[in-house]
Amino acid sequence: MKYKALYSDTTLTMSAYGKTKGKAENALMDKWGDLRASWNRGPAEAERITVQQLLEEWYPTVVNPQRHGKKVLQSSTLEEYQEVIDRQIVPGIGDRTLAELTPRMLEDFLWSWVSAEGEGKSKAQRVRTILDKALAFARKNSWMEKNPIADIDTEGLYGKSAEPDPLEVWEVDLVRQALKNWAVPGGKRSGPTSEYVLDIWEFLAGTGCRIGEVLGLHWEDVHLDSPEPWVYIHQAAKEPRKKGKLWIGATKTEDVRELAIPQFLVDVLRKRQEKHMDDVLVFATRTGNIIRRQSVGRALNRAMECEGLDETLRSRVTHHAMRRTVATHLKGERAQRQLGHKSLAVTEKYYIGRDRSLIDHAALLEPLGNGVTEEPPETAGNDQKQNGDLDPRNDDAARK
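For the sequence shown, the tail end lands on 698 under the working numbering, and the numbers increase by one without skipping.
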């Protein structure tokens, strides 16, 4: 007879065989000892490998993730990763070995990027994200026994997300009027007209698209003569984090949408098409090139300042604020589909503003104050008893 000794936990099952129960258990212990000896390579590697060396090993797996069965990241995300590594992580802790990385030390390092006023949390969050991924890679390769990031308290670092702050309809119109006045040469401004900023504002209001999707829109994707005019959103203008040439790429999360557009936007696009029918892009510079999103933001701010709009309002108005405004106007799954989010939770958490209209359930609550004004309806049984239908004597009479 052959005996089998078995060990199992949530991550590992191990077995060994022997002629007797004792020999099987001894074989299992020897096997377990060999495995533990191989695990001990972790601390030895941790004493030798620095954070910079780890990042040099990890980053190529992010640039070419196909072999690991992971999704290819957008070039802008990869540039951001590299920038955080070069400017923050390597100068700060690049020469530290993996063995030196304790939860307390890493927590102090993350908070060193946050000011007393709380500014810099987003920067610290990006550092944490990259370190977490890189240290998980080290753990996977048995260079560390544990990822110290897992024991860091990050509640204060992330905190509660700010409530979405959409614009009111009248605020949208105030900005529209400011852009109309600013686009006219002379008077409040000098120089060439910039009607494209007004048209972009109308497009944002009529679709809720991302600014990159607006600036990357081609005329071939605009269908104004359909029974229900619509636009095909499948590309976006891309900008390098550092100086460089702009290009057209896939939308964020590679989302593709066909959006019906309201009549006011149809009118705007028809007029624009008449003037710029030779352009490839719907919104382009005078030379036909891609417009930088910073140019749109600057023009928007100058127009509002020229119009004398309130500083509080100016601080709230961005091209992304219009995206939140559209989401709040549509609400729920309609907003999710319009904006191109994969998750309704994302739409509701970051884009849909709180409903501040009057909560009117007064009529439903009125009876709680006045009491019951009518007698309760009598049951069918009571009606029958009153009519004598259930009187035993009637049954007797019927039998006779």
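Certain hints may be false.
[Said to hold, decoys possible] With a straight-line cut-off of 16 Å between C-alpha atoms, the simulated EDC-like cross-links for lysine to aspartate or glutamate are:
#1 Lys-569 - Glu-500
#2 Lys-543 - Glu-377
#3 Lys-536 - Asp-393
#4 Lys-431 - Glu-500
#5 Lys-540 - Asp-384
#6 Lys-640 - Glu-537
#7 Lys-431 - Glu-355
#8 Lys-421 - Glu-377
#9 Lys-431 - Glu-415
#10 Lys-431 - Glu-354
#11 Lys-478 - Glu-493
#12 Lys-478 - Glu-605
#13 Lys-419 - Asp-406
#14 Lys-478 - Glu-603
#15 Lys-573 - Glu-453
#16 Lys-478 - Glu-500
#17 Lys-438 - Glu-381
#18 Lys-569 - Glu-493
#19 Lys-629 - Asp-463
#20 Lys-629 - Glu-461
#21 Lys-444 - Glu-343
#22 Lys-540 - Glu-415
#23 Lys-536 - Glu-518
#24 Lys-431 - Asp-449
#25 Lys-421 - Asp-384
#26 Lys-419 - Glu-405
#27 Lys-419 - Asp-451
#28 Lys-444 - Glu-398
#29 Lys-421 - Glu-381
#30 Lys-550 - Asp-565
#31 Lys-541 - Glu-343
What the hints contain is simulated information worked out from the structure, not anything from laboratory work.
For each hint, the structure was consulted:
no.	hint	result
1	Lys-569 - Glu-500	holds (13 Å)
2	Lys-543 - Glu-377	holds (14 Å)
3	Lys-536 - Asp-393	violated (34 Å)
4	Lys-431 - Glu-500	violated (41 Å)
5	Lys-540 - Asp-384	holds (13 Å)
6	Lys-640 - Glu-537	violated (23 Å)
7	Lys-431 - Glu-355	holds (12 Å)
8	Lys-421 - Glu-377	holds (14 Å)
9	Lys-431 - Glu-415	violated (28 Å)
10	Lys-431 - Glu-354	holds (13 Å)
11	Lys-478 - Glu-493	holds (8 Å)
12	Lys-478 - Glu-605	holds (10 Å)
13	Lys-419 - Asp-406	holds (13 Å)
14	Lys-478 - Glu-603	holds (13 Å)
15	Lys-573 - Glu-453	violated (53 Å)
16	Lys-478 - Glu-500	holds (11 Å)
17	Lys-438 - Glu-381	violated (25 Å)
18	Lys-569 - Glu-493	holds (11 Å)
19	Lys-629 - Asp-463	holds (14 Å)
20	Lys-629 - Glu-461	holds (15 Å)
21	Lys-444 - Glu-343	holds (13 Å)
22	Lys-540 - Glu-415	violated (28 Å)
23	Lys-536 - Glu-518	violated (19 Å)
24	Lys-431 - Asp-449	holds (14 Å)
25	Lys-421 - Asp-384	holds (13 Å)
26	Lys-419 - Glu-405	holds (13 Å)
27	Lys-419 - Asp-451	holds (14 Å)
28	Lys-444 - Glu-398	holds (12 Å)
29	Lys-421 - Glu-381	holds (11 Å)
30	Lys-550 - Asp-565	violated (28 Å)
31	Lys-541 - Glu-343	violated (39 Å)
The earlier numbered hints that this structure contradicts are 3, 4, 6, 9, 15, 17, 22, 23, 30, 31.
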